[in-house]
Amino acid sequence: MTLQQGVFDGFAVLTLGSALLVVTQRQILHCALWLIATLGAIAGFYVLLGADFLAAAQVLLYIGGVMVIMLFVIMLSHVPLVPQESVKNAQWLPALLACGLTVIGFGWTIGRVSWYGQELPIATNRGEIFEPTTASLGQLLLTELALPFELVSLVLVAALVGAVFFTRRPES
Amino acid sequence: MLQQYAHVLLFVGLGTIFALGAFVLSFLLRERGHDPRTRVPYECGVEPVGTPRVRLNVRFYIFALLFVIFDVETLYIYPWAVVARPLGIAGFWEMVVFIAILFLALLYAWRKEAFRWE
Amino acid sequence: MVPLTHYLAVSIVLFGIGLFGVLARRNVLGVLMSIELMFNAANLNLVAFNHFLSPYRLWGQAFTIFVVTLAAAEAVVGLALVLAIYRHMQTVNLDRFNLLKG
Amino acid sequence: MGIIFPAAWPPLARQLLVMLGQCAAILAVINLTVMFLIWLERKVSAHMQSRLGPMYAGGWHGWAKSIADGIKLLVKQDIVPTGADPWVHRLAPVIAFVPAFACYAPLPFGRQLAAVNLDIGILYVFAISGLSVLGILMAGWGSGNKYSMLGGLRAAAQLVSYEVPRVLSVVPVLLWVGSQNLSLIVDTQRHFKWFLFYPNPLVGVIAFLVFFTASVAECNRTPFDIPEAESEIVAGFHTEYSGIKFAFFFLAEYAFVFLSAGLGAVLFLGGGDGVLLPSWVWFLFKTFLLVFVFMWVRWTFPRFRVDRLLAFSWKFLTPVSFANIVLAGLTLHWLS
Chain A
479 MTLQQGVFDG FAVLTLGSAL LVVTQRQILH CALWLIATLG AIAGFYVLLG
529 ADFLAAAQVL LYIGGVMVIM LFVIMLSHVP LVPQESVKNA QWLPALLACG
579 LTVIGFGWTI GRVSWYGQEL PIATNRGEIF EPTTASLGQL LLTELALPFE
629 LVSLVLVAAL VGAVFFTRRP ES
Chain B
235 MLQQYAHVLL FVGLGTIFAL GAFVLSFLLR ERGHDPRTRV PYECGVEPVG
285 TPRVRLNVRF YIFALLFVIF DVETLYIYPW AVVARPLGIA GFWEMVVFIA
335 ILFLALLYAW RKEAFRWE
Chain C
7 MVPLTHYLAV SIVLFGIGLF GVLARRNVLG VLMSIELMFN AANLNLVAFN
57 HFLSPYRLWG QAFTIFVVTL AAAEAVVGLA LVLAIYRHMQ TVNLDRFNLL
107 KG
Chain D
1441 MGIIFPAAWP PLARQLLVML GQCAAILAVI NLTVMFLIWL ERKVSAHMQS
1491 RLGPMYAGGW HGWAKSIADG IKLLVKQDIV PTGADPWVHR LAPVIAFVPA
1541 FACYAPLPFG RQLAAVNLDI GILYVFAISG LSVLGILMAG WGSGNKYSML
1591 GGLRAAAQLV SYEVPRVLSV VPVLLWVGSQ NLSLIVDTQR HFKWFLFYPN
1641 PLVGVIAFLV FFTASVAECN RTPFDIPEAE SEIVAGFHTE YSGIKFAFFF
1691 LAEYAFVFLS AGLGAVLFLG GGDGVLLPSW VWFLFKTFLL VFVFMWVRWT
1741 FPRFRVDRLL AFSWKFLTPV SFANIVLAGL TLHWLS
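Chains as they are written, first to last, in our numbering: chain A, 479 to 650; chain B, 235 to 352; chain C, 7 to 108; chain D, 1441 to 1776.
Worth flagging that the hints you see were computed from the coordinates, not collected in a lab. Remember, it's a predicted structure, so these values are computed and weren't measured experimentally. Glycine residues also receive a C-beta, built at the ideal position from the N, C-alpha and C atoms. Certain hints may be false.
[What the hints assert, rightly or not] In silico DMTMM-like pairs for lysine to aspartate or glutamate, Cα to Cα no more than 20 Å straight-line:
id	chain 1	residue 1	chain 2	residue 2
1	A	Lys566	C	Asp101
2	B	Lys346	D	Asp1665
3	D	Lys1755	D	Asp1665
4	D	Lys1483	D	Asp1509
5	D	Lys1516	B	Glu328
6	D	Lys1512	B	Glu328
[Unchecked claim] Sample of chain D residues facing chain B (criterion: CB under 8 Å; computed from the structure):
id	residue
7	Phe1541
8	Ala1545
9	Leu1608
10	Ser1776
Isolated chain A (complex conformation):
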């Protein structure tokens, strides 16, 4: 029971616990705060997996950006302090069954594959590798993945144009 396993278990409990609360909380703003806790725990997982740039990106982008917008929309849309209508809609039972089947299906498949239970990384028989990733990511993004790198800017422009279009006051 190494320290790494202990920290992993802590993050796992935090992630799944707050994720459950995100989908069951009545007050929408509390859902958003629990989602922030989940995103933080997942940033912790990235650190445990040696992806330090990704952990910073997750905190900078998801928690510092997307969740800020989510809180803006919640505050601008006057969600009542004590919501009246129930959290779940009519089809929650079939939804629960569907999700249960999905989880069991995935679990069953990873149980059957060949490398189940293998300890060390398959490709390299040395221990885990923890090295700074920003430089190699930059090298990869700008040489081999140059095309998706440029397409991303087009996606961002499209997102911005669409969002500005929707939030502009209709000139009625």
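Assemble the complex: chain A is given as a structure, and chains B, C and D must be docked to it using the hints.
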């Protein structure tokens, strides 16, 4: 590398413990006042008018929206900046194209008077 | 040394919770948040496989960055839509978004 | 640090204890510095307006004024307004303070004096300082008061708008160093090769000015202090806060001021790089110089109007920092 991030986790933990400790200390030391009137939302002394959730304008959303788009952009500029020297001039022009396209997005938002308030 | 299957188990359960949230929540903002959960479950899988199968070629992490970018763009446009609908119909309750019904 | 431990303890516990000691040391340093900054701000602003400022609290020039404030806030009554969201209201100051403290991990207080030698140093600082916006939004929502809601939204819009030019203005420094590690950035600037003027003075000065302006706005200080504009919306998002909760918002603000000044010294003025004196003395000298400029700016410029203030970031600072990045790239490739 994991040892560094354990240190960061300690930083966050210690900050939280310090904050909660100060709260508990204040809870022990502070005076108790149970006058309900002190718990009325503060509105320069006059009786509060209307519900606290007053109708707010949408214009604040535009800035958070632009922030996310350009925050994503900085996320791509940082890995380039770190390896800009070995990459040479090709990487630089690639980045200039990336920045130019997003600069157009900023001009679009500017021309669409996203910043002017009626 | 945390084996790979632990990470996969966490991401599968997280995906299941997100899927349940999408199907069962009444508030459209709740649905958007559950979609974010599903995105993160997929990202966790990508990074875990990248760390265990090819620690030196960071294709998994590069792919995750693209997923994070698209998730941010999707959230931006989605929330702009929700705000526009709210301004028009004064509600964020999904059941009442039925203007297109015949 | 060659601290002698009882041999019986496993190396892991020893290592954790050393780390905990470093964290506690930095927490103490920050608390003392913030107290000193609050006192310094009162004195500097007083003398700028040709008045004396605190004189009596604890003898010479009222040095104990900040301590007196702290104790007063500690024992004040804790009021949670009716119609407020109690837990969000109480949690907001913690979420506002913890990032301010966690940002000090990679900051090098001198040459090789950083608590944690993070490879993603500068990105970590910007990512974690972005979290304080959440504390402000929670304070705005949690107080159940329409002024604090409006103030919270305004403050968040301002912090968010000025985060972009601040993050972009640092890119030229990364270009020249080739790493985000703050200790490495300081080492590259040894022997007076500060990035303010080293490879390309034009790019360096523009980057420093954009970074400094955005930092002043990021700390909600005049001329960018719309969120807590006393004359307009009472006290913005911390209207409903009193006692220890208000103290933590105050602590977070001054911790960010000192952090921004420290970053400015490390990134552009070669923090810890100087002739005779030890490196940490030079770092503190440069940081307090920048903090003094923070205060000087506060008492000279009038306040911006809200939309003018937000438009300034998007219409002027962001395009300038884009152009600065392209210029820095050209300088880099023109040099090599």
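Going down the list of hints, with the structure as the test:
1. Among the hinted pairs, Lys566(A) with Asp101(C) is consistent with the structure: their alpha-carbon atoms are about 11 Å apart, no more than 20 Å.
2. For the proposed pair Lys346(B) and Asp1665(D), the alpha carbon gap of about 27 Å is over 20 Å, so the pair is violated.
3. The straight-line distance between the Cα atoms of Lys1755(D) and Asp1665(D) is roughly 19 Å, inside the 20 Å bound, and the hint therefore holds.
4. A distance of roughly 15 Å separates the Cα atoms of Lys1483(D) and Asp1509(D); the hinted pair therefore holds under the 20 Å criterion.
5. Taken as a hint, the Lys1516(D) and Glu328(B) pair is broken in the structure, with Cα atoms around 58 Å apart against an allowance of 20 Å.
6. A threshold of 20 Å between alpha carbons decides the hint, and for Lys1512(D) with Glu328(B) the separation of about 57 Å lies outside it, so the pair is violated.
7. Satisfaction of the interface hint for Phe1541(D) is found here, the shortest Cβ-Cβ separation to chain B being roughly 4 Å, below the 8 Å cut-off.
8. Of the supplied interface hints, the one on Ala1545(D) holds, with its beta-carbon coming within about 5 Å of a beta-carbon of chain B, less than 8 Å.
9. Taking 8 Å as the C-beta cut-off, the interface hint given for Leu1608(D) holds, the closest approach to chain B being about 6 Å.
10. The closest approach between the C-beta of Ser1776(D) and any C-beta of chain B is roughly 7 Å, which is under the 8 Å cut-off, so the hint is satisfied.
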